[in-house]
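Those protein sequence lines, which keep their order, are chains L and A.
Numbering of the first sequence is given in the working numbering, commencing with residue 7 and proceeding in unit increments.
Numbering of the second sequence is given in the working numbering, commencing with residue 35 and proceeding in unit increments.
Hints are computed from structural coordinates only; laboratory data are not their basis.
One or more hints might be untrue.
[Unchecked claim] If you only want the chain A side, here are some residues facing chain L, beta carbon under 8 angstroms, derived:
(1) S45
(2) S47
(3) G49
(4) Y67
(5) H69
(6) P79
(7) Y124
(8) Y128
(9) N132
(10) V134
(11) F136
(12) G138
(13) T143
Note that CB positions come from ideal geometry on N, CA and C, so glycine has one too.
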Amino acid sequence: QITLKESGPTLVNPTQTLTLVCNFSGFSLSSTGVAVSWIRQPPGKALEWLGLIYWDDDKRYNPSLQSRLTLTMAASGKQVVLTMTNMGPLDTGTYYCAHRRPAVTNQFFDYWGHGTLVTVSS
Amino acid sequence: NFMLTQPHSVSESPGKTITISCTRSSGSIASTYVHWYRLRPDSAPTTVIYDDNQRASEVPDRFSGSVDSSSNSASLTISGLRTEDEADYYCQSYDTNNHVVFGGGTKLTVL
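Between the sequences and the hints, there should be enough to build the whole structure, so can you do that?
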């Protein structure tokens with residue numbers, strides 16, 4: 007059974023760097039074809055894709071946020087870390103990590119975490 | 035990159051049928067798969083339809099997905115509406131660089 011869980015600070019000061027961790031079970035990021043993605047939802051707004059990391063450490067980022075984002079995987083293959091620099095109030099929202107169904111190109115997220123709410127405020 | 039446009043909200047009575055559209059701004063809607071997710075308050079997002087028209091497990095056959103190249107749109111149709119269908123629904127696809135795109139979401143109200 008695949009499960010994912012996000013963790014990290016609930017409150018971040020403006021200009022600070024956010025670090026969130028996605029812990030997962032039921033699959034390994036070292037397995038061919040596997041990928042994990044981060045998606046967020048500001049309050050009252052739409053889902054926004056942030057980025058994705060593949061089993062081979064290849065990465066894709068939302069072009070509008072690429073300069074602020076870094077995705078890394080733990081050596082265990084059971085954890086993905088999201089780092090977002092220069093946080094501002096508009097970055098407030100619920101951050102989700104999700105498992106991408108193994109595929110050559112199709113980006114489909116079949117399992118999601120429950121999300122973690124991050125508020126950016128001084 | 036392209037955008038996916040959805041109606042902001044849809045409302046209908048129980049037992050009726052609704053369709054939520056998802057229109058791709060550029061490039062063919064048929065060139066990449068479209069997936070649909072449901073978001074309820076305080077719950078993890080779940081899949082309703084994947085790969086254009088495949089129902090996720092445990093999703094009743096009242097839900098169906100389709101793609102129409104003539105309107106460059108994908109659609110999610112829900113028949114026999116129930117109050118528990120109330121949620122926000124999002125379409126999602128991706129581009130040739132494997133960048134993911136979400137629609138703006140549609141709030142479904144079952145009156």
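Item to check | Hint status (Cβ of A/S45 to nearest Cβ of chain L, threshold 8 angstroms) | outcome: violated (18 angstroms)
Item to check | Interface hint compliance - A/P79 to chain L, C-beta minimum distance less than 8 angstroms | outcome: For A/P79, the interface hint holds, since the closest Cβ of chain L sits about 5 angstroms away, which is under 8 angstroms.
Next on the checklist: Does the closest beta carbon of chain L sit nearer than 8 angstroms to the beta carbon of A/T143?
Outcome noted: Violated, because the Cβ-Cβ distance from A/T143 to chain L comes to roughly 16 angstroms (cut-off 8 angstroms).
Checklist entry - Quick one, is the A/Y67 hint okay against chain L at 8 angstroms, beta carbons? => result holds (5 angstroms)
Checklist entry - Is the hint on A/S47 kept, meaning its closest Cβ partner in chain L is under 8 angstroms away? => result Violated. Min distance 26 angstroms.
Checklist entry - Given A/Y128 was flagged as interface, is its beta-carbon under 8 angstroms from a beta-carbon of chain L? => result holds (4 angstroms)
Item to check | Closest C-beta approach of A/G138 to chain L relative to 8 angstroms, hint status | outcome: Cβ of A/G138 sits 5 angstroms from chain L, so the hint holds.
Next on the checklist: Hint A/G49 vs chain L: min CB-CB distance below 8 angstroms?
Outcome noted: Status violated, d = 29 angstroms.
Checklist entry - Measuring from the C-beta of A/N132 to each C-beta in chain L, is the shortest one below 8 angstroms? => result With Cβ-Cβ at 5 angstroms, under 8 angstroms, it holds.
Next on the checklist: Let's test the interface hint: is any C-beta of chain L closer than 8 angstroms to that of A/Y124?
Outcome noted: Cβ of A/Y124 sits 5 angstroms from chain L, so the hint holds.
Item to check | Status of the A/V134 interface restraint (C-beta, 8 angstroms, chain L) | outcome: Holds. Min distance 4 angstroms.
Next on the checklist: Hint A/H69 vs chain L: min CB-CB distance below 8 angstroms?
Outcome noted: Where the cut-off is 8 angstroms and the nearest Cβ of chain L is about 5 angstroms from A/H69, the hint holds.
Violation of the numbered hints given earlier is confined to hints 1, 2, 3 and 13; the remaining hints are satisfied by the structure.
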